[in-house]
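Colleague: Sequence lines, in order, name chains Y and D.
Everything in the first sequence is counted per our numbering, starting at 32 for the first residue and increasing by one.
Everything in the second sequence is counted per our numbering, starting at 32 for the first residue and increasing by one.
Simulated from the structure, these hints should not be mistaken for laboratory data.
One or more hints might be untrue.
Because identical chains cannot be distinguished in the list, a pair is counted as satisfied if it fits within a single copy or across any two copies.
[Stated by the list, open to error] Straight-line C-alpha distance at most 30 Å; calculated BS3-like pairs for lysine-lysine: (1) Lys118 <-> Lys296; (2) Lys286 <-> Lys111; (3) Lys43 <-> Lys296; (4) Lys111 <-> Lys334; (5) Lys243 <-> Lys296; (6) Lys318 <-> Lys334; (7) Lys111 <-> Lys148; (8) Lys200 <-> Lys334.
There are 2 protein chains.
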Amino acid sequence: MKQSTKTRPDLKKLEEGILGGDRVILGQAITLIESNLDADQTVASALLERILPSTGNSIRIGITGVPGVGKSTFIEAFGKYITGQNKTLAVLTIDPTSPITKGSILGDKTRMEVLSKDPMAFIRPTASSLAMGGVANKTREAMLLCEAAGFQVIIVETVGVGQSEISVKNMVDFFLLLVLAGAGDELQGMKKGILEIADAILVTKSDGDNIKPAREAQAMYQQSFHVFPEQRSGWRPVALTTSAQTGEGIEDVWKLIINFTQSGKQSGHFVQNRNQQTIAWFREHLKILLESDLQKFETVQQKRRNLEQALVSLSIPPQTAARQLLETYHQAVRDSAT
Amino acid sequence: MKQSTKTRPDLKKLEEGILGGDRVILGQAITLIESNLDADQTVASALLERILPSTGNSIRIGITGVPGVGKSTFIEAFGKYITGQNKTLAVLTIDPTSPITKGSILGDKTRMEVLSKDPMAFIRPTASSLAMGGVANKTREAMLLCEAAGFQVIIVETVGVGQSEISVKNMVDFFLLLVLAGAGDELQGMKKGILEIADAILVTKSDGDNIKPAREAQAMYQQSFHVFPEQRSGWRPVALTTSAQTGEGIEDVWKLIINFTQSGKQSGHFVQNRNQQTIAWFREHLKILLESDLQKFETVQQKRRNLEQALVSLSIPPQTAARQLLETYHQAVRDSAT
């Protein structure tokens with residue numbers, strides 16, 4: 032049980048607080064959105080409807096990479112650069128591998144020690160107790176709240192494990208993959224698909240003895256992009272070397288992203304991508320909603336249990352079972368009207 | 032348009048033909064199942080219901096690998112070994128990359144020239160004009176028909192491209208990945224996830240000058256299995272070298288599969304896996320059915336178009352839009368009753 036039920040602020044106060052850039056209220060609103068309580072969800076939905084017209088004005092950047100690649104260190108350096116440009120920054124982190132404990136949340140905050148003290152920055156981990164689809168939805172909604180609160184740049188960070196990268200790719204404008212230079216095995220540690228969805232690859236820790244291997248890795252990745260078909264937007268992915276220690280590449284990444292968004296806005300691909308993301312998000316919601324709607328009817332649940340037994344005893348084929356369940360669902364919907 | 036509408040045999044004849052092992056009728060039935068005509072689908076469903084009790088008695092083997100790895104050559108050698116053991120064999124191939132033409136189908140057949148003339152074997156490519164989900168469903172159904180026709184071993188072959196491997200993994204008992212020995216880059220050409228779902232890896236073309244690299248690759252793969260968590264069944268994947276030319280490893284693969292199924296049947300994991308696959312298949316059907324049910328109602332379609340416009344103009348959040356569409360759907364279902 033979240034404590035938010037006790038301290039839930041009213042809708043008007045939440046809306047005004049968020050639009051006024053109040054971070055305490057922004058934090059409360061995100062907690063509200065993450066809550067699974069029906070009462071919280073009702074307020075959260077109404078809040079989202081109200082703040083929606085004030086969203087969409089940030090640059091949304093996704094960052095992924097395997098554990099140990101230096102994501103936090105990079106975001107700390109990159110984030111400081113962004114706030115140094117007089118831009119406000121919100122960092123939303125998704126870590127599907129960490130359990131939800133106060134420890135993990137504190138851990139996440141202290142991972143970016145300097146940035147978390149920066150008045151221009153706001154750092155917030157997503158409660159990772161939720162199912163993956165759930166985390167993605169909550170993060171999207173948190174992103175909208177941050178935009179309504181006026182943040183100009185939003186970074187969504189996730190570890191390069193499982194399906195979370197795809198979810199993040201589908202909610203951002205620009206998707207950054209962080210990699211380490213290795214002994215010729217750069218491609219081995221990650222899923223091949225990940226390279227194909229990156230808008231840029233950063234070889235991290237390009238300092239000291241590591242500069243040469245980092246540059247070699249960069250060249251190799253740059254080379255590998257030729258294998259992939261051109262993105263619909265015409266964007267060609269770029270590989271860069273970076274060092275949080277020396278600052279190498281940090282400004283270049285920012286310029287690259289600015290360049291990307293400007294040319295995307297001119298060509299119309301920027302808006303097109305966002306619209307596609309919104310429609311896809313709607314479709315996901317619809318699927319989840321239909322699934323949970325089926326579970327609301329006791330007759331459907333009972334029928335499903337019977338059908339699953341019949342299925343494993345080979346007395347009904349899956350197609351027929353699905354048709355029968357749909358009929359039961361139709362009947363339940365009709366009965367619920369009377 | 033398929034010609035099956037003209038020559039559609041009656042249900043009784045199809046059932047008897049299949050249960051009697053008549054290959055011409057088996058072929059007709061698979062064509063019927065692949066047809067998208069409503070009339071054909073009705074007969075196909077009824078047929079599946081009838082033959083279902085006679086299914087489930089084969090060993091289902093999935094085989095994948097990138098183009099050029101030698102899948103056909105391996106299946107030809109492996110298939111001949113199986114029929115040499117006095118077992119009947121059906122080979123179903125899925126090639127999502129090839130267009131559906133008579134040429135492609137003939138091409139597929141002649142790829143396995145010896146096996147296609149073997150009276151103990153039946154080779155059938157799945158029409159690849161269907162959407163991927165569709166192909167998987169049709170292949171599953173074709174597999175059931177082959178089982179009802181008495182085939183003792185079923186091989187489902189797919190190229191290691193796209194999502195088809197996962198679909199195949201989810202419909203077979205044993206999943207074989209074919210790989211080539213390469214210059215130290217064995218892991219690069221394929222998705223990392225594929226290694227984790229393989230029950231065995233075969234390094235092909237282990238003959239002549241290629242024996243040494245093949246053995247090295249085998250050792251490397253065997254090593255790599257230690258990285259993965261143990262399968263729920265307790266099965267440890269195995270890497271082997273094979274040569275269709277010299278016959279190396281062919282018998283070993285068969286013994287491995289026999290070993291796998293026997294120990295799985297003793298422990299109960301064999302049946303458990305099949306039951307899970309059946310339930311998952313049912314759920315997939317249900318999703319597809321719900322999706323197409325929404326499309327049947329003109330009011331729902333109209334509402335969806337309006338909502339998608341409202342979504343991209345940021346006047347409604349995706350969650351709310353999904354809820355509204357569900358309400359419209361409920362109303363349409365109710366209205367359809369009166």
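Colleague: Indicate, hint by hint, whether the structure satisfies it.
Modeller: Going through the hints against the structure:
no.	hint	verdict
1	Lys118 <-> Lys296	within (19 Å within a copy, 63 Å between copies)
2	Lys286 <-> Lys111	within (15 Å within a copy, 61 Å between copies)
3	Lys43 <-> Lys296	neither (34 Å within a copy, 62 Å between copies)
4	Lys111 <-> Lys334	neither (57 Å within a copy, 46 Å between copies)
5	Lys243 <-> Lys296	neither (36 Å within a copy, 55 Å between copies)
6	Lys318 <-> Lys334	both (20 Å within a copy, 16 Å between copies)
7	Lys111 <-> Lys148	within (11 Å within a copy, 70 Å between copies)
8	Lys200 <-> Lys334	between (38 Å within a copy, 28 Å between copies)
Hint compliance for this structure: hints 3, 4 and 5 are not met, and every other hint is.
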